[in-house]
Amino acid sequence: MAFFKTVPNLPDMEKARIEHALQRLADCLGAEKFLLPYQSLHSMVGIFQAPEQIVEFVGDHLAFDVTDIQLVVEPQVLKKSGGGG
Amino acid sequence: MPGEYDPETRQITLTTELSDEPVLTTAAVVHHVVRDLLCQQRFEYHHLPEYVDLAVVGIGLGVPLSQINLVNEKGLFWDTTEWETFPRPFLDQQDLAYALALSAWVRGETSWSWLDAVPSVIKKPAQKSLKYLSKTNDSFFRPQEVRAAKLTQGQNAWLETVAQHSISEQIIGLRYLQVTSDSDTRQLAALLDKLRSDNPAVLLNAINNAGAMKKANAGVVDELNLLLENRNDQIRAKAMFALTRLAAVDEGVIKFAIKMLESHSKFVIYAGLLGLSSVSDVPSSVFPAANRAFIRSLQTCDYEFVGLFVSAFQQWVDDPEIYLKNLLQEDSPEYFEIAMEALTSARERLVELSTESIEI
Chain A
7 MAFFKTVPNL PDMEKARIEH ALQRLADCLG AEKFLLPYQS LHSMVGIFQA
57 PEQIVEFVGD HLAFDVTDIQ LVVEPQVLKK SGGGG
Chain B
4 MPGEYDPETR QITLTTELSD EPVLTTAAVV HHVVRDLLCQ QRFEYHHLPE
54 YVDLAVVGIG LGVPLSQINL VNEKGLFWDT TEWETFPRPF LDQQDLAYAL
104 ALSAWVRGET SWSWLDAVPS VIKKPAQKSL KYLSKTNDSF FRPQEVRAAK
154 LTQGQNAWLE TVAQHSISEQ IIGLRYLQVT SDSDTRQLAA LLDKLRSDNP
204 AVLLNAINNA GAMKKANAGV VDELNLLLEN RNDQIRAKAM FALTRLAAVD
254 EGVIKFAIKM LESHSKFVIY AGLLGLSSVS DVPSSVFPAA NRAFIRSLQT
304 CDYEFVGLFV SAFQQWVDDP EIYLKNLLQE DSPEYFEIAM EALTSARERL
354 VELSTESIEI
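Chains A and B are the protein sequences, given in the same order.
Heads up: the first sequence runs through residues 7 to 91, numbered per our numbering.
Heads up: the second sequence runs through residues 4 to 363, numbered per our numbering.
Source of the hints: derived by calculation from the structure; they are not laboratory data.
Accuracy of the hints is not assured; some may be wrong.
Here are the simulated DMTMM-like cross-link-like pairs (lysine to aspartate or glutamate), alpha carbons at most 20 Å apart as the crow flies [claimed, not checked]:
id : chain 1 : residue 1 : chain 2 : residue 2
1  : B       : Lys126    : A       : Glu20
2  : B       : Lys134    : B       : Glu172
3  : B       : Lys269    : B       : Asp284
4  : B       : Lys138    : B       : Asp95
5  : A       : Lys11     : B       : Glu148
6  : B       : Lys134    : A       : Asp66
7  : B       : Lys258    : B       : Asp236
8  : B       : Lys269    : B       : Asp236
9  : A       : Lys11     : B       : Asp201
10 : B       : Lys131    : A       : Asp71
11 : B       : Lys269    : B       : Glu85
12 : B       : Lys127    : A       : Glu20
13 : B       : Lys138    : B       : Glu148
14 : B       : Lys269    : B       : Asp321
15 : B       : Lys131    : B       : Asp141
16 : B       : Lys269    : B       : Asp82
17 : B       : Lys127    : B       : Asp95
18 : B       : Lys218    : B       : Asp201
Since we're looking at a predicted model, the values are computed, not measured.
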């Protein structure tokens, strides 16, 4: 007799929705992409000096040609609320 | 997600600096590059951020996402079967946790070393789901076993999917199973079986499937009638919608539709009203409940419902103007003007519809 029933962290409908969405993606991109080695935070954050390197890293990981992707950096300047004076 | 991606030019515009916001900027670059991949592969839903997030997690680049939370309020629609109509903004934490667990499970991952940096609010539910998946193998998504496109499989395969023990497989199978004719007994038998399921999620998808049938089947209509007595509001409402679509609103269904007008849930009232609006000749027992619900919608300024009720009255009574005047003049004369405006709009809509049908 099982005293502790294991359950997923999502309700049935939501669990199925996520699985369906992933299958839709796998049908488009190919199942093998969803078995690529998992990258840890330390292999992705803190080791790149420029965003272009991240683009190349993702391209290498996916074996996807990223040479035609253009990258522009336009940092948003936070507007300071107008104080008096 | 900060920044944006232009599919026409394949340009990513970042609005954060890597040096100032390393995690957020990394997550943003990954998100936009994966969106570009989806665009190049002509993925239909590449514009939906949640799909891009799921792709990021699925292909093994999702850990930075766990460090940022972009969804505080889900704003869920009452009908949980509507997966496409109301897409979510980004992956929320619980969905992200499950996607991470699935990603670990499909890779046969037993060590959690790559999840070390994941905060416990996501790591704990992910571990819970990984334990579940490892024990039950209960998932429709299995890229480690099925490499071919799965969603375009034939009806026989969907029949097998619906017959699986897995609730996910049953739910997704029901969304693809086509029950087209009375003679197709295997598909019909499968649908009837699922209309008797004790799982609400399976039931709701079975009801959707039943409502999509081109022709009503007596057995299906009987099961839908039984579901009108279900205690779950969503199931009752969906069963009413399905019966309305199948033009199967009879005297018995009308009794349940009248009760629905007294509900506190708007979607239940809507289901009841829709069912009643599908019949032109309603019994007199409909009017007391419809009148009360109509006046409630006037009192709460719910003009969408006011319009729907006025359209229904227009269908049920010979002279709706006199009917509404008599109804409102004693207790609620202040609402008469609003009711008349709604009636004018309803009449205009009717004229527009008839003009369109003539043009067609």
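key: Proposed proximity, Asp71 of chain A with Lys131 of chain B (alpha carbon, max 20 Å)   = Cα-Cα ~37 Å, so violated.
ask   = Under the criterion that the straight-line Cα-Cα distance not exceed 20 Å, is the pair Lys269 of chain B, Glu85 of chain B satisfied?
value = Roughly 17 Å separates the two Cα atoms, so the pair holds.
query = Taking only the CA atoms, is the gap from Lys138 of chain B to Glu148 of chain B under or equal to 20 Å?
reply = 17 Å, holds
task = Would you mind confirming whether the straight-line C-alpha gap from Lys131 of chain B to Asp141 of chain B stays at or under 20 Å?
result = It holds: about 14 Å lies between the C-alpha atoms, which stays within 20 Å.
ask   = Keeping to a limit of 20 Å between CA atoms, is the pair of Lys127 of chain B and Asp95 of chain B held or broken?
value = 15 Å, holds
inquiry  = So if I understand the rule, the pair passes when the alpha-carbon distance is 20 Å or less; does Lys269 of chain B with Asp321 of chain B pass?
reply    = 28 Å, violated
task = Assess, step by step, whether the Cα of Lys258 of chain B is no farther than 20 Å from the Cα of Asp236 of chain B, and give holds or violated.
result = 16 Å, holds
query = Is Lys138 of chain B within 20 Å of Asp95 of chain B, Cα to Cα?
reply = Violated, because 25 Å separates the two Cα atoms, which is more than 20 Å.
message = Against the 20 Å threshold, does the CA-CA distance of Lys126 of chain B and Glu20 of chain A hold or violate the hint?
response = 18 Å, holds
query = When you check the alpha-carbon spacing of Lys134 of chain B and Glu172 of chain B, does it fall within 20 Å?
reply = Answer holds: Lys134 of chain B to Glu172 of chain B is near 19 Å, not above 20 Å.
inquiry  = Against the 20 Å threshold, does the CA-CA distance of Lys269 of chain B and Asp236 of chain B hold or violate the hint?
reply    = Since the Cα atoms of Lys269 of chain B and Asp236 of chain B sit roughly 10 Å apart, the hinted pair holds (cutoff 20 Å).
ask   = Lys11 of chain A and Asp201 of chain B: Cα distance at most 20 Å?
value = 18 Å, holds
The structure fails to meet hints 3, 4, 5, 6, 10, 14 and 18 from the earlier list, while all remaining hints are met.
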